[in-house]
Amino acid sequence: MQEKLGKKIIGIMAVVCVVSLIMIGVLSVKLLEAKKEPTVTTSVITAQLKNMSDLTTSQLQYRGIVRYEEGNIVFINKKSYTMLYEAKVKAGIDMSKISVEANKKKIQVTLPKATIQDTVIDSDTLEFYDEKNSLFNWEEKQDTVNALQLAKEDAKSRIDDTKLLEQAQSQAKLLIESLFLPLTQEGYELEIQVQNQ
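Here the sequence shown stands for residues 1 to 197, numbered as in our numbering.
Keep in mind the hints are simulated off the structure, nothing from the lab. It is possible that some hints are incorrect.
Unchecked claim - Just the calculated beta-carbon pair ranges, DEER-fashion:
| id | residue 1 | residue 2 | range |
| --- | --- | --- | --- |
| 1 | Lys163 | Asn196 | 16 to 22 Å |
| 2 | Gly187 | Glu127 | 53 to 59 Å |
| 3 | Gln149 | Gln61 | 18 to 24 Å |
Backbone N, C-alpha and C fix where the C-beta goes; we use that ideal spot for every residue, glycine too.
Please build the complete structure, drawing on both the sequences and the hints.
Right under this line is the structure:
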């Protein structure tokens, strides 16, 4: 009977030893994984940012007035009008030109300078006043095309693109900071620069 009891004790001890070894193995693997520093691969981040292409970070609504005259003989070939229009001017950065570098605990992001991306005249907002038509110089379709082009040129010349570009650059920087926020919370330092062009 003592022999059976001894075998049971040895069997129980063997099971306890095996379970203990398994637990020690699992715990040591978890501890080794916990000690590994997370690494940032810039190629994945850069590829994702470049896929965004153009990023509009600032937009300006503008309402303008343009005076147009063509020809020089009243009633024969002289026509003129005053036109009101609304324009949207968009500014932002070209995300395909962004560069990201990471080493140890520092991430460096270099942004391209903000540019005016588009000036759009809303053709539904065109209002014509003081229209004076001529007998031989009136083509409605071509005049509308000319009016849109004239409004676009006027909008480009009158907006303060310096402030719009500064705002676009600032917004782009804030967006990049928020994209990298999870990494900065894990101890990474983020440095954002703007390319000199």
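Point to revise | Status of the given 18 to 24 Å range, CB of Gln61 versus CB of Gln149 | key: Holds, since Gln149 and Gln61 (Cβ atoms, about 20 Å apart) stay within the stated range.
Point to revise | Assessment of proposed distance window 16 to 22 Å (beta carbons of Lys163, Asn196) | key: holds, 20 Å
Exercise for review: State, for the Cβ atoms of Gly187 and Glu127, whether the hinted interval 53 to 59 Å holds or is violated.
Suggested key: holds, 58 Å
This entry satisfies every hint, going by the numbered hints stated previously.
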